[in-house]
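> If you want the building blocks of each chain, they are given just below.
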Amino acid sequence: MTGHIRYHRDGALGRVTLEHPGKFNAISRSMWRELRAVFVAIAHDTALRCVWVQGADGHFCAGGDIAQYPDFRFDPQALHDFHEIDVWGGLQAMLDCDLPILAQIEGNCMGAGLEIASCCDLRYAASTARFGAPIARLGFPMAPREAALVAAAVGHTTARAMLLAAQVFDAQHMAHSNFLTGVLAHDDLQAHCQSVVDTVLGLSPMATRAHKNGFRALNRLEAQVKPACVATELIAPGAVQDPLIPYAYADHAEHREGITAFLAKRKPQF
Amino acid sequence: MTGHIRYHRDGALGRVTLEHPGKFNAISRSMWRELRAVFVAIAHDTALRCVWVQGADGHFCAGGDIAQYPDFRFDPQALHDFHEIDVWGGLQAMLDCDLPILAQIEGNCMGAGLEIASCCDLRYAASTARFGAPIARLGFPMAPREAALVAAAVGHTTARAMLLAAQVFDAQHMAHSNFLTGVLAHDDLQAHCQSVVDTVLGLSPMATRAHKNGFRALNRLEAQVKPACVATELIAPGAVQDPLIPYAYADHAEHREGITAFLAKRKPQF
Amino acid sequence: MTGHIRYHRDGALGRVTLEHPGKFNAISRSMWRELRAVFVAIAHDTALRCVWVQGADGHFCAGGDIAQYPDFRFDPQALHDFHEIDVWGGLQAMLDCDLPILAQIEGNCMGAGLEIASCCDLRYAASTARFGAPIARLGFPMAPREAALVAAAVGHTTARAMLLAAQVFDAQHMAHSNFLTGVLAHDDLQAHCQSVVDTVLGLSPMATRAHKNGFRALNRLEAQVKPACVATELIAPGAVQDPLIPYAYADHAEHREGITAFLAKRKPQF
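Residue numbers (my numbering), protein chains in the order written: chain U, 716 to 985; chain R, 716 to 985; chain G, 716 to 985.
Do not rely on the hints blindly, as some may be mistaken.
One copy or two, either will do: identical chains are not told apart, so a pair holds if it fits within one copy or between any two.
[As the list claims (entries may be wrong)] Each computed DSSO-like pair below joins lysine-lysine, with the alpha-carbon atoms no more than 30 Å apart: (1) K927 to K982; (2) K927 to K980; (3) K738 to K982; (4) K738 to K980.
Derived by calculation from the structure, the hints in this document are not laboratory data. All values derive from a computational prediction rather than experimental measurement.
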């Protein structure tokens with residue numbers, strides 16, 4: 716059984732569900748492509764007023780689908796294409812959306828899940844949800860554009876703890892770090908999200924699109940200073956001329972060890 | 716009875732009071748002009764060391780004076796002049812002040828009140844105060860420069876919830892979002908503000924002006940990247956050549972419906 | 716007895732201790748130079764994976780060594796050299812470090828201590844720690860680059876309260892302001908820091924250096940917009956041509972009064 720990004724239109728509301736049974740909705744390659752397709756479809760549907768993103772079966776998303784990683788991660792070109800085409804394609808389609816996007820977050824919100832949530836406007840989580848990106852345990856760094864996206868959304872202090880020290884945080888911490896809009900008791904989360912969505916649906920769509928485009932414009936202003944290509948270039952000098960430079964670690968022994976150890980359910984030795 | 720911005724000089728302290736009886740100090744057009752005049756006067760008074768802003772009668776400010784809106788909001792040129800000359804004139808005069816400005820916030824701090832508080836340095840609120848800008852209920856978006864100002868002060872997560880979902884927040888939330896410097900029990904607020912003002916008045920004025928100018932310089936640095944005109948241009952492409960573009964919504968049916976419904980005390984239909 | 720920056724290498728961990736007995740580890744001129752030397756040595760030691768900074772004897776650092784100030788603060792050139800060569804030399808060496816730096820913070824974390832902590836990635840404090848920079852009581856402003864560094868780390872709302880109103884904050888406030896990564900009971904702090912360090916030491920060093928360089932690159936991106944020289948120039952126009960302009964206050968009566976009063980243990984009169 717493989718995962719899917721489910722889409723369901725419910726009047727002026729678009730419902731997006733991350734679904735990968737048995738894997739806490741880990742995002743596979745094909746799911747990143749489906750995520751892009753869903754948000755491209757949303758962009759063409761002018762009757763929509765709001766988008767609601769959630770995970771299936773009590774989790775938001777546990778990260779990437781690590782079982783697939785040996786297929787493509789150890790070759791620089793394949794690794795580049797995964798991050799720059801599949802992953803960023805999905806995330807950029809979300810960032811291009813000119814409607815309010817609400818994320819309802821339960822359970823694990825890790826790695827890829829944190830990146831997807833970072834593209835949403837209104838983030839409500841159950842008090843039991845957990846957030847992190849402990850990928851240095853897997854022997855590789857977050858891709859430059861993705862790291863810049865997450866650092867902006869969770870704040871530099873929390874991002875440093877997540878990436879440099881593999882720390883995992885609870886919902887209360889993520890509310891204090893201003894990543895979450897609100898934290899609810901698990902049993903109240905769904906009703907609270909419904910109530911916020913109902914409010915959004917009752918607002919002036921003209922004003923709401925203007926507001927969302929305003930936030931996107933403010934982010935584009937930051938992007939003039941911190942464009943993804945510049946982030947990539949600075950983190951990995953030379954990347955503009957040779958886009959594989961940020962992914963030159965593909966064949967690195969620590970990268971192989973991290974992923975191999977994870978799949979073998981043993982502790983990695985770095 | 717119409718509102719006023721009251722100014723009283725008390726030694727080295729300038730006291731500014733937002734006062735509009737019966738309207739929770741809603742800011743009328745003439746009050747925006749008075750706000751500018753007061754802060755221009757403060758700029759020329761070199762013996763001042765501190766400014767203390769508060770609202771009269773238990774509220775900071777409930778927003779704009781909506782009763783006046785039918786007079787000018789439905790014409791693009793008049794709407795432009797209101798936002799770019801009257802409103803921004805008052806806010807810019809506050810931003811130009813090189814003294815510490817303390818805001819004492821009780822009751823409602825909404826819309827225009829939130830914008831005025833965003834121009835202050837030290838923000839103390841009663842635990843019962845409420846913050847928001849639910850103007851999409853009124854059928855129109857916050858003007859670009861004002862939205863950029865508020866988003867910088869309250870943070871993007873809270874600003875998105877306020878503007879995209881008409882959410883209203885309590886003082887505790889606004890402290891966690893780092894908008895407020897402190898939250899006090901209602902009965903302790905006045906004394907706490909007095910104590911902070913006393914401390915400010917006892918510091919080296921040379922050092923304090925240097926510090927305030929430092930913060931203003933850091934903001935001007937951001938303004939080189941996120942200048943108001945660029946924000947306006949990006950949110951409403953073409954605005955540099957045609958400044959009415961951001962206000963082309965003046966005659967929009969949702970704008971008329973929102974304001975008309977509010978004044979008729981009925982729910983708007985968008 | 717004069718202070719020192721102690722350095723001890725413990726396997727892949729570099730341990731840095733701020734130590735100035737009887738002065739809560741106040742940083743003297745020679746300690747700023749030693750701080751630079753220690754971090755230059757760390758930069759050349761490729762076997763290191765993590766750096767752990769703490770203060771001796773229950774305090775992080777109470778600020779600068781004010782007893783030395785009459786020796787050099789009242790002459791613009793000497794004051795310039797102190798801030799731009801000694802102080803910034805130490806801070807820049809910390810900012811250049813491509814390893815995760817953990818700060819363990821107990822007791823006072825004031826002025827120079829706050830600046831040193833601002834150069835760390837992971838900041839854990841005892842719940843009893845105190846944070847501030849009430850230097851306007853001493854009759855002088857924080858130097859431009861140092862103020863920009865602190866404002867970015869503690870956030871503008873808290874920085875304004877610290878510098879404009881001499882406010883001192885507890886650890887809980889500094890966690891909410893997203894300066895601290897975590898707050899621990901005093902007796903749990905050491906063990907918690909050890910556990911985070913152990914985690915960092917077990918991660919992929921390749922991934923960790925890539926992450927740290929990523930954060931440094933994001934900061935360099937900001938520095939393209941908010942470079943220290945531009946901050947200095949804007950805060951003190953003309954400083955690029957005449958670098959003494961920001962330090963022209965050296966002989967100012969308030970500066971002399973603030974430091975003299977402090978050393979005489981009396982209240983300054985500004």
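> Now look at each hint and say whether the structure bears it out.
We went through each hint and held it up to the structure:
1. Taking CA atoms no more than 30 Å apart as the test, K927 paired with K982 passes between copies only; the shortest distance there is 23 Å, against 44 Å inside one copy.
2. In this assembly of identical chains, K927 and K980 lie within 30 Å of each other by CA distance solely across copies; the values are 27 Å between and 44 Å within a copy.
3. Only within a single protomer do K738 and K982 lie at most 30 Å apart by alpha-carbon distance; the minimum there is 20 Å, versus 45 Å between protomers.
4. For the identical chains of this complex, K738 and K980 are intra-copy neighbours only, at 15 Å inside a copy versus 51 Å across copies, given an alpha-carbon limit of 30 Å.
Checked against the numbered hints given earlier, the structure satisfies every one of them.
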